[in-house]
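> The lines below spell out each chain.
Protein chains: 2
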Amino acid sequence: MNADFQGWVKSHQLQIESYLQNHLPAENHAPKRLHEAMRYAVLGGGKRIRPLLSFAAGELNGADETRAIVVAAAVELIHVYSLVHDDLPCMDDDTLRRGKPTCHMKYDEPTALLVGDSLQSLAFQLMAEFSLAENPKKQLEMIKQLAQAAGSRGMAGGQAIDLESVGKMLTLPELEFMHIHKTGALIRAAVMLGAYCGDKLSEEQLDRLDHFAKCIGLAFQVVDDVLDAEATTAALGKTAGKDAEQNKPTYVSILGVKQARELAKALQHDAYQALEHLGKSTHRLLQVTDFIVQREF
Amino acid sequence: MNADFQGWVKSHQLQIESYLQNHLPAENHAPKRLHEAMRYAVLGGGKRIRPLLSFAAGELNGADETRAIVVAAAVELIHVYSLVHDDLPCMDDDTLRRGKPTCHMKYDEPTALLVGDSLQSLAFQLMAEFSLAENPKKQLEMIKQLAQAAGSRGMAGGQAIDLESVGKMLTLPELEFMHIHKTGALIRAAVMLGAYCGDKLSEEQLDRLDHFAKCIGLAFQVVDDVLDAEATTAALGKTAGKDAEQNKPTYVSILGVKQARELAKALQHDAYQALEHLGKSTHRLLQVTDFIVQREF
Numbered sequence: 039m040n041a042d043f044q045g046w047v048k049s050h051q052l053q054i055e056s057y058l059q060n061h062l063p064a065e066n067h068a069p070k071r072l073h074e075a076m077r078y079a080v081l082g083g084g085k086r087i088r089p090l091l092s093f094a095a096g097e098l099n100g101a102d103e104t105r106a107i108v109v110a111a112a113v114e115l116i117h118v119y120s121l122v123h124d125d126l127p128c129m130d131d132d133t134l135r136r137g138k139p140t141c142h143m144k145y146d147e148p149t150a151l152l153v154g155d156s157l158q159s160l161a162f163q164l165m166a167e168f169s170l171a172e173n174p175k176k177q178l179e180m181i182k183q184l185a186q187a188a189g190s191r192g193m194a195g196g197q198a199i200d201l202e203s204v205g206k207m208l209t210l211p212e213l214e215f216m217h218i219h220k221t222g223a224l225i226r227a228a229v230m231l232g233a234y235c236g237d238k239l240s241e242e243q244l245d246r247l248d249h250f251a252k253c254i255g256l257a258f259q260v261v262d263d264v265l266d267a268e269a270t271t272a273a274l275g276k277t278a279g280k281d282a283e284q285n286k287p288t289y290v291s292i293l294g295v296k297q298a299r300e301l302a303k304a305l306q307h308d309a310y311q312a313l314e315h316l317g318k319s320t321h322r323l324l325q326v327t328d329f330i331v332q333r334e335f
Numbered sequence: 039m040n041a042d043f044q045g046w047v048k049s050h051q052l053q054i055e056s057y058l059q060n061h062l063p064a065e066n067h068a069p070k071r072l073h074e075a076m077r078y079a080v081l082g083g084g085k086r087i088r089p090l091l092s093f094a095a096g097e098l099n100g101a102d103e104t105r106a107i108v109v110a111a112a113v114e115l116i117h118v119y120s121l122v123h124d125d126l127p128c129m130d131d132d133t134l135r136r137g138k139p140t141c142h143m144k145y146d147e148p149t150a151l152l153v154g155d156s157l158q159s160l161a162f163q164l165m166a167e168f169s170l171a172e173n174p175k176k177q178l179e180m181i182k183q184l185a186q187a188a189g190s191r192g193m194a195g196g197q198a199i200d201l202e203s204v205g206k207m208l209t210l211p212e213l214e215f216m217h218i219h220k221t222g223a224l225i226r227a228a229v230m231l232g233a234y235c236g237d238k239l240s241e242e243q244l245d246r247l248d249h250f251a252k253c254i255g256l257a258f259q260v261v262d263d264v265l266d267a268e269a270t271t272a273a274l275g276k277t278a279g280k281d282a283e284q285n286k287p288t289y290v291s292i293l294g295v296k297q298a299r300e301l302a303k304a305l306q307h308d309a310y311q312a313l314e315h316l317g318k319s320t321h322r323l324l325q326v327t328d329f330i331v332q333r334e335f
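First to last, the protein sequences are chains H and B. Anchor point for the first sequence: position 248 equals 286 in my numbering, and the numbering is continuous, going up by one each time. Anchor point for the second sequence: position 217 equals 255 in my numbering, and the numbering is continuous, going up by one each time.
Looking at chain H on its own, in the form it has when it is part of the complex:
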């Protein structure tokens, strides 16, 4: 990671942290325990990969950062709500997340349930509250896209497919179908909504960007599976080896580590190709792509 990009990552991670700090309900406002738990779940952790994608896609498309940051925050809130719910005992039953006790371990199950529910509401509140586009009709379209990405045909649906697949042998296309929903839909939303904050794009440009987003969404998951199989819990900040323990099909269980790493490279290459001929300055988005594929924890 070169120094310029490192600085960009750091400054945008700080920006999103500060924005979330300011837009989450204050801890001293009733109900205090819920608000404290919401802040605990959201703040001070995570690589903020989805916000970085929104910022980079916005930058590529000349978006005002005061707009891109709203989208970045909303997408991150949806992501964190999904983590809080996924960690619950009735789902993955996990105790460690982003290096800290999971929300229901630190607080309790009903509070964690309400934290997730409230974070989802807050995401849509921010998307409706602040101006994201000259044309408010475009902003309505953006809200619709985020709702679709989060819902039963997107992220939550992917989670349902994941539940059904525990203990089953999936084919590679079935696994891909699951991840296109479970992680892909929201990563795609992060890219597309970031870009929508900027100039108008042609149909062809939107298609290319969409294909790029699909590729990195999958690449992200492949790398995640490799890290879950290889990294330690300490490095990962969440319980390592959970997939194998829970008998979940992963890219590693189907392909093995070596081939999974090759698949991640191939997807990275596809992502690169999708951004060629976009007629935009894509270097930041390519840097974030490398950041996603080459991350070690």
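If you are wondering where the hints come from, they were derived from the structure by calculation, not from laboratory data. Please note that a few of the clues may not be correct.
The list treats identical chains as interchangeable, and a pair is accepted whether it falls inside one copy or across any two copies.
List of simulated lysine to aspartate or glutamate pairs, DMTMM-like, C-alpha gap at most 20 Å [stated by the list, open to error]:
id, residue 1, residue 2
1, 176, 237
2, 182, 172
3, 138, 214
4, 182, 167
5, 70, 212
6, 138, 55
7, 238, 55
8, 70, 214
9, 318, 102
10, 144, 202
11, 286, 147
12, 318, 131
13, 206, 167
14, 286, 146
15, 85, 237
16, 206, 146
17, 280, 55
18, 176, 146
19, 85, 328
20, 70, 202
21, 85, 202
Given the structure of chain H, go ahead and fit chain B onto it with the hints provided.
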């Protein structure tokens, strides 16, 4: 209930049922089990009191029914998501809802969790997808209001206060504070968003309508508490006597049944008064008020 109003209730209950039928994901679309469970939770049950309020408030304000029905559906989806999550074992641990096994009893806990999550997304998707106002900026404001009513300063926050109050003696103002959030916020949204679908209202008219909505939100809860204490499980369609069993503070535990009934009447009177001098044809909204206060199950 006179025949005219009975017909209006019936026809609007059918309309909202049919709209929800058409806008919930189809059961044969993947993930099928999740979509089946979403439809199970939403369809074929409930008095649809919040949608009726949206329709009546829309009618009062000359709103096109093709708009009011979107708001009615979105509010009902938020309401049903909250019921599905509230019934989970880590919350109220209930087995019966609207005369049927609760969602997690019929399916399983993780599915019920995702059903609630997905219904919330779908509510915001509908609010953004269909035109609700001439001015799309007004529609963004409506989405923001629904998000606030649902979130940690509204319904979900009320639920958190409820959790904290189990086993405690609350004063009447504390109980009122809880219910203004837990049930009041969404009932208020049902009324206000229904009205927003129509003509522009003056500040004074909005204030009056808002006060009306607060009164019936509380009246609704007082009646609910009385019914929980007096009705049978069969008549209620959900487990009766849960409040006392769970040692929850209610209007009945604080005031007794007789005084609680009087409070409901007083709130009904306040609601009536708020609608006087509104300069609008309020008879339908008054009929719905009576329907809420006089319902027997």
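> Run every hint past the structure and note whether it holds.
Cross-check of the supplied hints:
no., hint, in the structure
1, 176 with 237, "within (12 Å within a copy, 24 Å between copies)"
2, 182 with 172, "both (17 Å within a copy, 18 Å between copies)"
3, 138 with 214, "neither (30 Å within a copy, 36 Å between copies)"
4, 182 with 167, "both (15 Å within a copy, 6 Å between copies)"
5, 70 with 212, "between (43 Å within a copy, 15 Å between copies)"
6, 138 with 55, "within (17 Å within a copy, 44 Å between copies)"
7, 238 with 55, "neither (28 Å within a copy, 39 Å between copies)"
8, 70 with 214, "between (41 Å within a copy, 18 Å between copies)"
9, 318 with 102, "within (16 Å within a copy, 44 Å between copies)"
10, 144 with 202, "between (28 Å within a copy, 16 Å between copies)"
11, 286 with 147, "between (24 Å within a copy, 19 Å between copies)"
12, 318 with 131, "neither (44 Å within a copy, 54 Å between copies)"
13, 206 with 167, "neither (43 Å within a copy, 37 Å between copies)"
14, 286 with 146, "between (26 Å within a copy, 19 Å between copies)"
15, 85 with 237, "neither (27 Å within a copy, 47 Å between copies)"
16, 206 with 146, "between (31 Å within a copy, 18 Å between copies)"
17, 280 with 55, "neither (28 Å within a copy, 42 Å between copies)"
18, 176 with 146, "neither (39 Å within a copy, 38 Å between copies)"
19, 85 with 328, "within (14 Å within a copy, 54 Å between copies)"
20, 70 with 202, "between (36 Å within a copy, 10 Å between copies)"
21, 85 with 202, "neither (29 Å within a copy, 33 Å between copies)"
Checked against the numbered hints given earlier, the structure breaks hints 3, 7, 12, 13, 15, 17, 18, 21 and satisfies all the rest.
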